[in-house]
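Starting from the structure of chain R, add chain L where the hints point.
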Amino acid sequence: MSLLHHEALTEAIKDPNLDRRLVVMPLIDEAQIGPATLDVRLGTEFRVLRRIDDAGLDPGAGDEAHVERMQEHVTVPIGESLWLHPGQFLLGSTLEYLRFPSHLGGYVVGRSSWGRVGLLVATAIMVQPGFGGNLTLELVNHGEGPIALYPGCRIAQLAVHALPGDTGHVYGGKYVGPIGPEVSRLTKERAEIEKLADVADKLKSAT
Amino acid sequence: MRHLTALYDAVESHVRSRRAEFLTLPDEASRIGGVIEMRSLVRWAQELQSSLTWVDAISDPPLDLGTKYFIELAARRLITPDVDLVLVPAADSSYATYSDPYRKIVSEWGNPATIEGDRVTIVFLPRREQRSALLHPLILHELSHAVCSDHGLTRRALEKAMKRKRLRKRFGQAAEAVKARDNVVDQEAALTVAAGLRSWTEEAICDAIASFYLGPTYLYSFVVEVLGGNIDRSGSTHPPPRKRIALMLDHLDSLGWAPIMSRYAGPLDEWLRHSVANGPAYSEERDFLVWMLETTASDLRSLVGRQLDSHSLTPDDAVLEEIDELLAAGIPPAQSHIGTIDPRSVSLGCWLHALQNAGGDITSLPLAADASGIEGLLSKGLEMAALVNAWD
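Line order of the protein sequences matches chains R and L.
Following our numbering, the numbering of the first sequence begins with 4 at its first residue and continues without gaps.
Following our numbering, the numbering of the second sequence begins with 3 at its first residue and continues without gaps.
Since the hints were derived computationally from the structure, they do not count as laboratory data.
Just so you know, not all the hints are guaranteed correct.
What the hints assert, rightly or not - Label pairs and their computed distance ranges (CB to CB):
#1 R/His9 x L/Gly258: 36 to 44 Å
#2 R/Ser84 x L/His313: 31 to 39 Å
#3 L/Ser374 x R/His9: 38 to 46 Å
#4 R/Asp18 x L/Lys162: 53 to 61 Å
#5 R/Arg54 x L/Leu369: 37 to 45 Å
Note that the Cβ used here is the ideal one computed from N, Cα and C, for glycine as well.
One chain only, chain R, in its complex shape (with noise of 0.2 Å):
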């Protein structure tokens, strides 16, 4: 897999076919595309963990619902700004809608600006060939003091690759055409959970 240099990413992002087109919606600025990287912004949505008072999360109790309790949505409009404190979690998104053609993948990582005042912006950070939507980032101050987050600054890049060929496999997992940040769908995995417990039991059972 070769990484996309300026000019490759350009055609990409470019390509008259649709199908073909490595979609950035919207480009605000050429400036963006760097040498190898895209740099991408910061959206105006997020989702910020309250602190609840009730069982914690288990992927294994299928609780779609308690997962969206969890969180509280927040818009941030343009020129406002969020303050994310020294320990603090939220999801946010990038403000472009991304789609990857089946010949392309990428990975997500954060700018290093903001890198050395202690921001994590994403730890999934894998983009898979025919993903499309806003990309979900995962904000974590690991910094000593609280960051203000602007929407629509660039707050991340993405590094494109190109498969070695059009094997036709593209993403088609839980998160499809998200326009903002998605909440986790790990409930959506119960069944992977439920199996494991089958297979503890055989486990404990074999002869």
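Showing chain L alone in chain R's frame:
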């Protein structure tokens, strides 16, 4: 906040001056007069408080960010650049507009000029339609009432209309009919017809402004809103929806929208044109008012065209096609391959795409308005398009 501070200062200044006078009242009779005035002051304060119920909505805007930017831009372009727009969800089922609601109350006691700052326009929208992004263009009609008021459009339209000899003659005949029907004196009958003339003219101007500014988007939203009721029902303040639709179609045709409306939703377009061509006859002053709207339609169009000037939306096939392609791929449209997209084209593109997907006939209108997928794409598209336009 600046308004509230200015309002507080105006009230405080008034109360202080009155209190100083009350403390020095010389005799019993004056003191009784003072008590009466203080009671009035309390009632005035209560009225003032009830006129400020919209303030709560400032901290919790009822619309998504994209629609908020969309409506605010329209208000700045059409009313005044320093307008301060507040959108308030209301339990009522209809839309309404108020401008500077406290200014009249303050003027009863003090000098309204003491309230400085931007012009406040409050738009109430039905709470149940808070999330219906495709219906929010109806707010443009409400904003247009403020445009009429600020720029004297209704007055100018009526002055021009009353220069028509035939109109004055038919006005007299309508007043005679009202006099006979309601058993009232000449003057009261004339006032009834004049009030209808004024209200219907303003409604027609507001429809025209919304149609010029938004293109067919406003027509589609309007038809969804009136489709469930009797489209021939007219009131003393509003013309029958069938006539309003006819006028909007005329405006849109004059602006060159017909081919696009026909291409994306041909059966709906035919149904609308057939419907407006087959309306019932109206009686007495309603017949006069309908005739008046038809007679003055061209003048109103010229008036609104001059008022909006470069803010009229012009048809752009290529942009709408590109928006349609993006929506079909599930991508919120905010930018074309050659640059920015006007947020109004985003709104129209979403309507046309939803109509086409729902079959493009009259039954597709409510289906399109309720289509869940398009709402998110529209609000995100509006938000990002506004940002891209403001960035350049």
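Verification of the supplied hints:
1. Checking the proposed 36 to 44 Å range against R/His9 and L/Gly258 shows it holds: the Cβ atoms sit about 42 Å from each other.
2. Here the CB-CB span from R/Ser84 to L/His313 is close to 32 Å, well matched to the stated 31 to 39 Å.
3. In this structure the hint that L/Ser374 and R/His9 lie 38 to 46 Å apart at CB holds, the actual value being about 39 Å.
4. The hinted window of 53 to 61 Å between R/Asp18 and L/Lys162 holds, with their beta carbons roughly 55 Å apart.
5. The beta-carbon spacing between R/Arg54 and L/Leu369, approximately 43 Å, falls within the hinted interval of 37 to 45 Å.
Against the hints set out earlier in the document, no violation occurs for any number.
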